[in-house]
Structure formats: structure tokens, C-alpha cells
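2 protein chains.
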Amino acid sequence: MAKETQFVEQIADIEKDFPQWYTDVVIKTKLVDYGPVKGTMVIRPYGYAIWENIQKELDARFKKEGVENAYFPLLIPMSFFTKEAEHVEGFAPEVAVVTVAGGEKLAEPLAIRPTSETIIGTMCSKWIQSYRDLPLKINQWCNVMRWEKTTRPFLRTSEFLWQEGHTVHTTAEEAEASTMTMLGVYKEFAENCLAIPVITGRKTEKERFAGAVATYGMEAMMHDGKSLQAGTSHYLGQNFASAFEIKFLDKDGALKTAYTSSWGVSTRLIGAIIMTHGDSRGLVLPPVVAPVQCVIVPIAARKGGVLEACAKLKGELEAAGIRVVLDDSDNSPGWKFNEWEMKGVPVRIELGPRDIEAGKMLCARRDTLEKEEYPLDSAVSAVEGLLARVQKDMLEAARARRDSRIVYAENMDEILRGVETGNFVKAGWCGCRECEDKVKEVAAATARVYAEGETAEKCAVCGKKAEHVIIFARAY
Amino acid sequence: MAKETQFVEQIADIEKDFPQWYTDVVIKTKLVDYGPVKGTMVIRPYGYAIWENIQKELDARFKKEGVENAYFPLLIPMSFFTKEAEHVEGFAPEVAVVTVAGGEKLAEPLAIRPTSETIIGTMCSKWIQSYRDLPLKINQWCNVMRWEKTTRPFLRTSEFLWQEGHTVHTTAEEAEASTMTMLGVYKEFAENCLAIPVITGRKTEKERFAGAVATYGMEAMMHDGKSLQAGTSHYLGQNFASAFEIKFLDKDGALKTAYTSSWGVSTRLIGAIIMTHGDSRGLVLPPVVAPVQCVIVPIAARKGGVLEACAKLKGELEAAGIRVVLDDSDNSPGWKFNEWEMKGVPVRIELGPRDIEAGKMLCARRDTLEKEEYPLDSAVSAVEGLLARVQKDMLEAARARRDSRIVYAENMDEILRGVETGNFVKAGWCGCRECEDKVKEVAAATARVYAEGETAEKCAVCGKKAEHVIIFARAY
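One line per chain: the protein sequences are P and W, in this order. Numbered according to this note's numbering, the first sequence terminates at residue 1069, and the numbering increases by one at each position without gaps. Numbered according to this note's numbering, the second sequence terminates at residue 1069, and the numbering increases by one at each position without gaps.
The hints are simulated quantities; they were obtained by calculation from the structure and are not laboratory data. Please note that the accuracy of each hint is not assured.
Which copy? The list can't say, so a pair holds if one copy fits it or any two copies do.
[What the hints assert, rightly or not] 25 Å max Cα-Cα, derived DSS-like pairs, lysine-lysine:
#	residue 1	residue 2
1	K1031	K1057
2	K780	K905
3	K719	K907
4	K799	K964
5	K609	K780
6	K907	K656
7	K609	K844
8	K657	K905
9	K730	K609
10	K730	K649
11	K929	K719
12	K1051	K953
13	K1033	K907
14	K929	K698
Quick caveat: nothing in here was measured; it's all calculated off a predicted structure.
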């Protein structure tokens, strides 16, 4: 048991020092490492496997919506950014610039894409002639770069992986509908695959994407009560279509400017999983995206027949499509329990001589730490059932935690107290930028999204008539 | 029929102007477009779907070999390249360099990766402590950049997509074995998935990867008889392990330097598919990687029941996992035939009122242009069977074409005549660099690979004793 204690001590206390807990967990479970260039990360196999599962799930959903994948160049001429005034203002300060290539100074500096509206807009203006070419729905899985001053693995790094969807439509209504459809796809995915309950809604002017008419975000509550923007969907109106001359000949013979939307999620989602579900023992991974769904730990492994029974069980689970590992290393069972708990594997099976004799196996759930016995001869259905229950219960538990931490505020004091004690705070807002800025200044909190459908009497900041209810929170 | 002729004329004659045929085909079938920055390409959905199928097939093979995916940063400090002398010499001239980021000049310029041995070596030296950590087998799917002067879509562009595998081992033998295993994986994949017969073998010193001990390539013959290097596998010995201090504590307690290998294929493979199988009508795509495997063209579509029968057929094929499109556009059947032939779809089904009445469908193979009738009620097995035959026959036809164009040369004249008339030329070689350079100078051909297991009396260039037989060819 000495080892066990020693092991758990390697991770900082999640309640006392959440930032250090996060760093400990991502490094020690080998999800990620720091790259040699400041602000960059190496996504290690255990972390990348989560990303692969995210990609698989999302990509299938995109294709169902008629979206096709493509690939656009990494390097964008700097002049492209200046075509959309707000866009250049938003992105130019954090761009990485190539000035030398092939041993020569370039005539025009090239930006490494921070996002691809400008280059995709340029290509679309070439590809689209008629209403018959629309709607156009394209997505790319790629790396992007935004030079950030303060970085943390998965949450904010100078380079990250993401997908960016871009659609072009004949009408504003259709483009807006597509914006909302993709927001819905993200929400369904976050809840059903990542077990993360999210609040979706429109963002304020201050928080919207540089160049968008409207930005919709999905916000998730982390263990410390702070919010993490887990995805965004932007209605771009004709802003980019005008700047990049995306025009089409309509049915009525008139040449019209198109309407566009864009939407994206990134490797940040891995950070969201860690900080939504993690506990004092480490990661707790939702089965749908867990690289390993089930680990088999042999008990008294040297006894005749134990390893053979474990290997047989592994084969059966594998054949059923369950991602399973048999830990037949030299470490003690106790050490293995800690190791695989820290790595967040949803289900652990313990199998020893007595279990085998009795035709049973002991299954431990990572989320609740409950243990239960199941007959060995129906192992597949037992584990499948367990994984489904873990997935469902993780979402419900996260939702209950979050819902218990949404409070209402009538004034600035209550906003401050609310966010300081780790809550999402709903408050009336008059709609003016000054009041939004004041919340930032006093409470270090930002407007996450409009609380759709809710109303309030007064603005919690200035006391004037409230036009909206806003969810304020401190955020990553 | 006027339309049909007009359509075919849009592509240059494959026999008279192969380079123009290539450009016409890749642009007109919407595989690719030129990016705004010189030398870059946009991979359009029809081209990217081929890449996705390639990824799916290769990725499964890599995982079977115990390789795990990861992701390493795009930007590499310039100083990393200088650690391996030959490597920096090979890659520094074509590197794109970031000198400004976040509005500030960088203290150290950063290279956009042309390949990742240096950064992966750096991380491995941190991760590997003991022989227990080995072998380490990592792969990444990513973009890389090499600033090329002359570019062509898929074949040579400043940015391209690829996978790069990197392995670390305790012994030279194991690293060499891994190098050969991956070369074998590539060959099996090229032949069975792309229907491209390849010759694999070691490269000469002149042609090997900058920093490798030995490079093995796979060479495919294109329509014009030129060779295309379709993939490489490098045995790196201790070159990178020494430079980046990848050391491990061995079983015997001694600290030893590891041995490494690396291997890669890229979007160049799409160019290989086009130039191996294409014909006067356009693309001919192998079923395993074709984005659309089967197209249904309704005949007399306005007649009652035709579109319904086509939709039903489509549903059946789709349910069986066949990638199928129903072309119910307003274009004439003749126009559609040309369109889908140009796009290289392996199987076309024609379905009209008389076919439906007779319970039959007419299937046309893209590769042989043969047509045959099949009963509608066993459509799935008919199409599955056809796709399998097309796949197999495409490989055999390509192999027969290639084998008929491998000639032997006894002297420089014969080498020149051989490559000029579009052949791979096998010739004896003394092993000296001067003779290899002379073949380049006189015949504009390079040593592709050693013809393993073959012997010759004399060097075809200098007449001295031959040490090896080399396959010379003009190459892309």
C-alpha cells in the first residue's frame, strides 16, 4: 500500500490547486508534453487517440449534414487579411509570419493561418458562379497558429489542431439556419460523446468573432466553476462574401452576393474533458472517446490459468469492438489500479484464480468507483452495458454539478460573489458595453452567452432597464 | 453526340501531351486547384476524399504494426537542423522560415517542418530512459513544407500532406528490420489498394535521404514510362540518435545510443494513381480508394418509375457499404457518361424503362469500358463482384504495361534510348558516383533503386566490373 499512497501524491490536490492538478494530470498521464518552442505542445499517443475518436464522431456528423472535407494552404498572403477590416484587427496581432523561404526574402510576407475565412473566401469566389453551385459546405481538419502570450496545453497554445467548417448560401436565412444547425451538432456531440453538458447561445458584440455578424458559442462548466468556450458557430452575413467577392447568378438572372457561415472546435475539447470529469485520482474519460475503454488486471497472475483466462477475455471483448488492454506488466495490482485510474479508463476488470473458478469477474467503474461482479460467460454484454451506463451517468453527474452552480444576481456584488465562488451567474443586462466592461473589471468575469428566453427587470450593473439576461462567468 | 465530342476535347491528348493531359484532368475533375501563393495547392473535396481513403487504409496497417499516432509542432528551431550535418545541408535550402510572430521579431528563426526527425528526436531523447521504453513506434499525419522552384499539383508543391513514421530501437538489426517491414507495408498497400505495381529497393548514396544510412524507395511507372518515387523508408542508424542524444539504459546496465528509422508517403500518391491508370477519357480510379465507386445514370429519367427504381437501387448499394451516387441532374445521359468517365468512377450503371421491365441493369466498367447486363435483384453482389474484378484487373494491367517496358542496357547509348522511349532501364553499374552522374547528364535519368538479386558483368557507363544492377529511369 506504500506504493499506492506514493502514486496518488504525485498529483496535486484537485480542490486546493486546480491549475497544478491540471498540469500534473496532462503530463503524468502522457496526454501531452511541452514542445521546444515556447507555447507549443506535443500531443502524445494517449492524447492523440482521444482526438482521433473526437474526429471520427464529428466527421460522421458533418458528412451527414452534407459537408465535404477539403484542404486549403497553410500560408495566406498578409494582404488577404486586410480585405475584411474587423478581421485583420482581430487576428493580425497574433499572426506568425513567414518572411524567408527557399533561401530568399519573400516579396510579400505570408501568414500562417490563424483561421481560413480569407483563403477559403478567395477560392469560393472562383468556384461559385451560379445558384446551382450553392449551398457549398466545406470542412477542413488542420493545424492553425495564434501567437499567444500565456499558454497551457490543450487550452491555449500557439499551434493547435481543429476543424473549421465554411458554408456559402444564397440567402441570409439559409446561412443563419446552417449556423444554428452546426451549433446543434456540436451540442449533441458534446453531450452524447464527451458527456459534457453545454449551454449554447449568442455571444455579445464584444465577444464575437472578428468579422462575424453573430457568434454563437457553447460553454461548459469546468471543475472550478469557470467556463470554457468549447466551440463556436459564426453567421458571417455578407462580410466576407463582399470582401472576397463571392457572387452568384441567381435564378432571376441577377448577380448577387452570397452569405457565409463558419464553425469550429479544436483540441481544446480535450482540456474540456479533463476539467469537466477529472477527480482527485486523475482523469475520468467518457467511454465514447476513451482510448482504452476497459483494462484487465490479473490478480495473482503467476497462478496457472490466470493470464490465459485474461487473454481469452481480452480477445472476446476486442472481437466485440471494445478498446481493451490487458496489463500483464510486472507491477503489483495495487499499482496498476492507481495507474489506470489516473489514466481515466472507464472500466477495470479484476480477474484472479477464485473469480475464474467461480466463473465471475469483478468490474470497477472509474466514474463512481463502484465495484460489481458479473458472470464471465456474458462478459461482452456486461462490459457493453457498463460502458453505456458510465457514459450516461457521467453526463448526468456533470449536468447536476453544473446546474447546482448557476445562480442569479441582482447587482454587481452578487455577480462578484457568484463568480468568486465558482458559479455561472445569470444577470440582467441593459445591453451597453460599459456595463459589460465593468463586470470584467470588477469581477474578472465575461459575458459568456445570452441566456435565451430569459428576462430580467433591471441591469445588474447600472440598474437601468434590462434588455437581456446574460450568463457571466470567469473563463479559460 | 455534339456535346460528347465537345466534352472529350476539353482534355489534352494523353499520348501527344501528357503533362497538359495531367493538368487538364486534375483541374477539370476538381481534384485540386492552385492556391493563391505560388507553388501551393488546394485539395478539393473530390481529391481529398481519395486522401481520406488512403489514410484509412494505411492507418489501419500502421496500427496493426503497433504504431501509434501523435502530433508534433509545426515550427522547429533552426538550430535543431544543424545538429545533423548532412540533414541541414539537405533541407536548409528549401525551408520556409518564420521570423516574426505576435508582432515581434523572434530571437531565433523557426523553420516550418520539412520533415520532423529533429523535433521528434528531441522529444524521444526526453521520453526514452530504458530498454523497456523501446521499441517506440510513432506516426503523424500532417502538413510539411519544402520550398520548391518548379511545382505541379500533387507531384511537387511547397506544402503537401503526408504521414511520417518514426521508430526507435535498441539494436541496428531491429531498426533495419522495421525499415524493411514498413517498406513492405507500403508495397502491399500500393498494389492492393491503389492497384499500382511498385519496385522496391535500396537507393544509391546520391539519392538517399539527407541524414540516413540507407534509403529504400518504391518506384512506380507512370503512363509516359517515367518513374515516380511513391514512398520511402529510411534506416537512420545512430545518426539522429547521436545528434539528439536518444540514449537508453540497456538490460546489462550500460547506457547506449538507440537506432532509428523513418518512413513516409504523401499526397503525391494521388498523382501516382492519376498517372498510372488514367486514359484518353480522364481518370480511372481503383475502387478501394475511389470517392465514388458506382454511379447510377437513369435512362429516359422522365418516364414513370425510372427515378424511383434508381433511388431504390442506390439505397440497396449504399446499405451494402458501396459508395454510390445517383446522377439525377438535368444533363443528357451521354453528357453524364462522359462526366463520370472523366471522373474515373469504376462502375457505371445505366437503368432505363426497358431494363426495369426486364429486371436488369447495364453495368459499364471504367477500366476496360466493357458493358454487361446483370439481374437487378442481385445488384449488390453484382456490383461488389465487379468492383473486386476492376481492382484486380487494374493492377494486372498496370503490371503488364510496366513489365513490357523494362529493358536491359549494355552501354550508355542503350540507356539513353531506353529512357527516351519510356522504359525503366536495368544496367550494370560499377558503383562510382561519376558513372551515376554521367547517366544523369547524358540521359537525364537517375538511379531509381538497386535491382535486388540481379547481377551484370560490366558497368554500362565505364565498362569496368559491375558491382550492382541499377534501375535507371527519368523521374518525376
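Against the structure, the hints:
1. K1031 x K1057: The answer is within: 15 Å in one copy meets 25 Å, while 87 Å across copies does not.
2. K780 x K905: neither (39 Å within a copy, 33 Å between copies)
3. K719 x K907: neither (54 Å within a copy, 32 Å between copies)
4. K799 x K964: Result: close neither inside a copy nor across copies, 49 Å intra and 63 Å inter.
5. K609 x K780: The answer is neither: 31 Å in one copy and 55 Å across copies each exceed 25 Å.
6. K907 x K656: between (33 Å within a copy, 18 Å between copies)
7. K609 x K844: This pair counts as neither: shortest intra-copy Cα distance 64 Å, inter-copy 41 Å.
8. K657 x K905: between (38 Å within a copy, 19 Å between copies)
9. K730 x K609: This pair counts as neither: shortest intra-copy Cα distance 46 Å, inter-copy 38 Å.
10. K730 x K649: Intra 18 Å, inter 22 Å, cutoff 25 Å: intra and inter.
11. K929 x K719: For K929 and K719, only the inter-copy Cα distance (24 Å) is at most 25 Å; the intra-copy one is 58 Å.
12. K1051 x K953: neither (62 Å within a copy, 73 Å between copies)
13. K1033 x K907: Neither: 53 Å inside a chain and 56 Å across chains, both beyond 25 Å.
14. K929 x K698: Neither way: K929 and K698 sit 55 Å apart in one copy and 48 Å across, limit 25 Å.
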